Amino acid sequence: MTALAATAATSTGEAVQFWVLGTVAVLGGLGTVLLRRAVHSALCLAGTMIILALFYLANGAYFLGVVQIVVYTGAVMMLFLFVLMLVGVSAADSLKETLKGQRWMAALCGLGLGTLLIVGIGQVSVGGFNGLAAANAQGNVPALASLLFTKYVVAFEVVGALLTVAAVGATLLTHRERVEKNKSQREQAIERVRGGTQLPPLPAPGVYARHNAVDRPALLPDGSPAELSVSPTLRSRGQIREVSSEQLARLAAIEQRTAEYQGRPTYPGPKDPGERALERETAGEEEAARNGQPSEPEDAAGTEREEAAK
Amino acid sequence: MSPINYVYLAALLFTIGAAGVLIRRNAIVVFMCIELMLNAANLTLVAFSRMHGNLDGQIMAFFVMVVAAAEVVVGLAIIVMLYRARHSASVDDASLMKL
Numbered sequence: 107m108t109a110l111a112a113t114a115a116t117s118t119g120e121a122v123q124f125w126v127l128g129t130v131a132v133l134g135g136l137g138t139v140l141l142r143r144a145v146h147s148a149l150c151l152a153g154t155m156i157i158l159a160l161f162y163l164a165n166g167a168y169f170l171g172v173v174q175i176v177v178y179t180g181a182v183m184m185l186f187l188f189v190l191m192l193v194g195v196s197a198a199d200s201l202k203e204t205l206k207g208q209r210w211m212a213a214l215c216g217l218g219l220g221t222l223l224i225v226g227i228g229q230v231s232v233g234g235f236n237g238l239a240a241a242n243a244q245g246n247v248p249a250l251a252s253l254l255f256t257k258y259v260v261a262f263e264v265v266g267a268l269l270t271v272a273a274v275g276a277t278l279l280t281h282r283e284r285v286e287k288n289k290s291q292r293e294q295a296i297e298r299v300r301g302g303t304q305l306p307p308l309p310a311p312g313v314y315a316r317h318n319a320v321d322r323p324a325l326l327p328d329g330s331p332a333e334l335s336v337s338p339t340l341r342s343r344g345q346i347r348e349v350s351s352e353q354l355a356r357l358a359a360i361e362q363r364t365a366e367y368q369g370r371p372t373y374p375g376p377k378d379p380g381e382r383a384l385e386r387e388t389a390g391e392e393e394a395a396r397n398g399q400p401s402e403p404e405d406a407a408g409t410e411r412e413e414a415a416k
Numbered sequence: 147m148s149p150i151n152y153v154y155l156a157a158l159l160f161t162i163g164a165a166g167v168l169i170r171r172n173a174i175v176v177f178m179c180i181e182l183m184l185n186a187a188n189l190t191l192v193a194f195s196r197m198h199g200n201l202d203g204q205i206m207a208f209f210v211m212v213v214a215a216a217e218v219v220v221g222l223a224i225i226v227m228l229y230r231a232r233h234s235a236s237v238d239d240a241s242l243m244k245l
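Just so you know, the sequences run in chain order F and A. According to our numbering, the residues represented by the first sequence are 107 to 416, in order. According to our numbering, the residues represented by the second sequence are 147 to 245, in order.
No wet-lab data here; the hints were simulated from the structure. Misleading hints may appear alongside valid ones.
What the hints assert, rightly or not - Residues from chain F shown here face chain A by an in silico Cβ test under 8 Å; the list is partial: (1) Glu120; (2) Leu170; (3) Leu190; (4) Leu268; (5) Ala273.
Unchecked claim - Not the full set, but computed from the structure, chain F residues with beta-carbon under 8 Å of chain A: (6) Pro248; (7) Leu254; (8) Thr256; (9) Leu357.
The structure presented is a predicted model; accordingly, all values stated were derived computationally and were not measured. In this text, a Cβ means the ideal position worked out from N, Cα and C, and glycines have one as well.
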């Protein structure tokens with residue numbers, strides 16, 4: 107077991123491993139800091155942690171290497187991703203600076219700290235590795251356990267208490283007391299009628315002849331998009347795919363050709379609501395004047411036939 | 147290869163983490179950078195353990211991991227609570243006591 111790694115002498119293989127994996131670890135760290143999306147940062151950090159686990163294994167810390175993978179990349183990073191999911195994945199960092207020049211100052215401070223550390227380490231002279239051959243003689247885990255439960259047993263107990271307190275604290279912090287009682291369905295209905303906003307169900311999205319995706323707003327009879335038909339989440343993110351004006355124009359052209367073909371009056375295109383209301387009144391008067399004459403049915407089939415012919 | 151290389155690498159990662167804590171505004175990313183710093187410290191402890199030929203360094207690293215786990219649990223709970231209160235995870239928005 108100890109012959110595998112963590113010997114006093116370091117092999118060329120270990121040097122190669124160090125330089126290759128170390129580069130990747132630093133890149134992962136830089137990615138964590140520099141990438142704008144929090145999810146990308148989390149993935150970079152997970153990569154760095156896996157590489158650190160490999161370094162632990164190479165240094166004879168077999169138990170810690172496995173714990174690093176299980177606890178850090180397995181549990182802690184998943185917890186991070188879980189909270190990111192709760193808080194909103196799309197939440198990118200804002201580029202607005204509250205304090206002027208704070209970012210540059212921070213980068214400068216980081217650089218200063220880095221030089222200080224590197225120069226400080228450069229002053230130190232160390233020998234080679236002593237190696238863990240003697241310490242790991244009975245295996246890494248039994249050796250760690252015998253140390254943990256004798257020399258460090260008090261610290262171990264305290265850490266146990268800390269974990270318990272942390273678990274209780276987390277549940278206490280995220281627990282929400284319900285201040286008022288839940289509204290029943292009947293109370294909600296009464297409230298909605300009193301408020302007078304949107305009594306019937308909202309219109310369904312994408313009831314447009316060509317697109318039935320949820321991010322396409324339905325079209326009102328005059329061809330203008332119905333914003334209410336798209337989910338509020340998509341609306342607030344600005345992910346509504348507008349029925350483009352050229353598409354509306356194409357539709358109007360088809361309508362017009364159909365009308366010409368059948369000798370109907372031409373379709374005037376989308377109108378604003380005021381004009382529409384006015385027209386409805388005049389239409390009602392005309393209807394009364396015509397007195398029960400059967401109106402021409404809306405010929406949707408004609409449009410389709412025209413399209414198929416092309 | 148000298149054992150000091152591991153210490154250099156850990157110093158580099160620690161610096162990157164510290165700069166990240168100062169630069170980033172998203173509380174969750176700040177937290178991740180703190181994790182990076184803790185991990186860098188662990189790497190030095192493990193390297194020192196091998197350097198000196200005893201396992202005390204590994205025990206220290208083990209305790210650091212446990213404390214980091216407790217810290218993550220409480221910290222993320224605080225972030226979730228802050229997010230519920232002000233619908234943002236940006237550390238700039240928590241400025242209620244600013245003059």
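**OP:** Please flag the earlier hints that this structure goes against, numbers listed from lowest up.
**Re:** Numbers 6, 8 and 9 - these are the hints that the structure violates, sorted from lowest upward.
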